[in-house]
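So you can see what is in the structure, the chains are spelled out below.
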Amino acid sequence: MDSPKTIVSSSPHLHARSSTASIMWDVSIALTPATLWGVYVFGFRALAIVLVSIATAVLVEFLLQRLSKESTLADGSAFLTGLLVGMNMPADAAFMVPILASAFAIFVVKWTFGGLGSNWINPALAGRVFVFFSFTSLMNTYRMPRTLSSVDAVGSATMLTELKLATGDALVPGLSSTGMLAELGYPFTQFAGSVSSWFQQVLGIGLSPYTVDAFFGNMAGCIGEVSAFLLLLGAVYLFIKKIITWHTPISFIVTFSLLSWAFGGLRNGLGVFQGDFVLQVFSGGMMLGAFFMATDMVTSPTTGKGMVLFGAGIGFFTFLFRFFGSLPESVSLAIILMNIFVPTIERYILPKRFGEVVKTSKTKKEANA
Amino acid sequence: MERIPTFRKGGVHPNDKKVLSNGQAIEQLPMPSELLVPLSQHLGAPASPLKQKGDVVAAGEKIGEASSFISADIHSPVNGTIADIKKVTLANSVVTDAFVITVDPEHQVGTWKEQPYDDLSPKQLLDIVKDMGVVGTGGATFPTHVKLSVPKGKHVNALVVNGVECEPYLTADHRLMLEQADLVLRGVMIAAKITSPEKIIIGVENNKKDAIRKLREVIAANGYPIVVTPLKVKYPQGDEKQLLKATIKREIPSGKLPLDVGAVVVNVGTSFAIYEAVALRKPLIDRVVTISGEAMATKRNLRVPIGAKVADLIAFAGGLDHEPDKFISGGPMMGFSFFDDQIPVIKGTSGILALDKEPTAKAPQTPCISCGRCVAACPMGLQPTKLYRLIDNRMYAEAMAMNLMDCKECGCCSYSCPAHLPLVHGMKLGKRLGRK
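As you go down the protein sequences, you meet chains G and H in turn.
FYI, in our numbering the residues of the first sequence are 1 to 369.
FYI, in our numbering the residues of the second sequence are 1 to 436.
There may be inaccurate statements among the hints.
[Stated by the list, open to error] In silico BS3-like links for lysine-lysine, alpha-carbon gap of 25 angstroms or less: (1) G:K352 - H:K408; (2) H:K193 - G:K242; (3) G:K305 - H:K386.
[Stated by the list, open to error] Derived CB-CB ranges, DEER-like: (4) G:N140 - H:I4: 50 to 58 angstroms; (5) G:V108 - H:D356: 18 to 26 angstroms; (6) H:H13 - G:G114: 48 to 56 angstroms.
[To be verified] Chain H is nowhere near these chain G residues, computed Cβ spacing over 12 angstroms in every case: (7) V8; (8) P33; (9) F79; (10) A94; (11) G204; (12) M297.
The hints are simulated quantities; they were obtained by calculation from the structure and are not laboratory data.
Cβ atoms here follow ideal geometry from the backbone N, Cα and C, with glycine treated the same way.
With the sequences and hints as input, model every part of the structure.
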């Protein structure tokens, strides 16, 4: 034969030309706009936190791969974990916090369970939760974005924290979230104010200025979670690239919205179906969690039906924790909790087979006859 | 607007690359000086040899006889002499005896005249199909007379003709429908006479609009009771299970055959072979083969005698443009890669491809990240990732319990796997070891 170098291998001989690495880098690309926004509104320190998180994750992965003699750095998963850890940090966290979080994520959560593909909870989230409970006050100290305040107002609370505390004090019963935040004198941008009044006057829809600010990213919070708009933009990129499907995020958000709308008002002394779910959806870590954390392939189900159930579970727990738990923020806990259910979901929610012989009562009767 | 059906579950959309060769009219390959005709070219038992070394054979003469019900006769494609009988390894790794036939340089091929066949009974027609060694030309090479034998008590609702040709690169069936629509349809009508179905449907993927038009023209001109159904382009629609789901909306139950849902499926290439067998009494001794792939100097559709060596085909097409990464017999999704260009074309060879590194490139294999793409892509609703893990751990019985045998190795899972796991390879291995 004139071509001794031809390859003989099993079919198929074509490939969709995606790879684990291309997925990881695409997710990182999708997260970039929201991260840059965080750096813009929270300042240089935010950038430093993100870089430290990434560097730690990559360094720990590098050391571990030396130990286990595997080459896993190129798949980009350590970079992504580091980026997600950084995005989940307040800009003013001490540097040891992201360092510990990244190291815990890569070493304890990922590596000890067998590396990429074998971890049973999302490493970045586990890292965040680890430091969240270890350094509660450090992790709850936020600064106002520069769009809301000209001074470096370190020590601000997020909207969700304010709401939670206010509810605890039973400030003024019967107030909506917006009313409560206004009562507390929580700031909003001029831009949000004008959008809100435009909605009221032109469309006749009441839209809280706080919701507008939360949507565009003018709120206190973790570096990467504040701009719902840019996170959605990244999510659209992932949809186009077919890296995520609608199942998990939509089921998550819809379940959460329905429950918050129906029962979220109870906490404020309002009736049922009066909860302000729109503000809830766009504030806190909801967007980052729904589109980038819950959709983590390793720790979510593989079937469409399973993903819907998984998303609904996250929505349910997020609702429960946010409205009736003691912590203001709960998306990360809800996702981790559902991560634990994934093996069970995978065991019982199976895809419908082609040509599956379904045992109906009729065929059973026939079998018995 | 016409609603274009397809099958629902799973499937993938590889670049079909048909444009490389779908404009090339079918050409006759000049008779090589030597043919290599294997005794096992079909699914089932190999044929038993009827000739010995030194025997003179005539074109169309039976040289191998079906050795059981699921087997097929083998005929000599040429006038010549049996120079030898030797073992060959085919592209699909089947090792079989093959006749080496030295072609008579003066009287190479036979002449075939059309004979009337309208008065023949279905039984007689079926016997002719069997005698002429017709098997499915789509690739699975299931003996056609077995397929067309409708057991007593079974009723055929639909005869579905497979003109899908969903494998990328291949255009042999496309050209056949375009150039020989008349004869293909006559073959379909013969198959219909044998099986007496209630309706006849030809499913053609919508990337062959000219073939759909041509078939409809000929059907209208002859008043055949045949419906041409265009289908949305999606791999593996050419599989009979997906084809029946798309055309007659029936799902063949797991482990059953098309007849269990009242359907018989034949390929357009097979229909053409049925026509030649019945009308010309010409056995299946040649077929159309697509020569394509980026590394081929020219892309062709060749009419090739069975037993011609791959090297002869490539040489006729002008050789290789550059060194390919892989040679493939069949399509790139389910075809077999081979390294020896002395292997022969057999009844199931639909294409010979020389592919570049670019489409066959393999990224490094990583662990499964449970992305679920294989689950979404599997047209059989299996969970390739779980099956692969079981097989990898030698838990064959457990894999069988998860319906491993439903897998037909279409390649959708491996095609879409970002971790580049050899999923189909695993399934093949698991089936082989699991059966034991």
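Would you list, in rising numerical order, the hints stated earlier that this structure does not obey? Failing hints, ascending: 2, 5, 6, 7 and 12.
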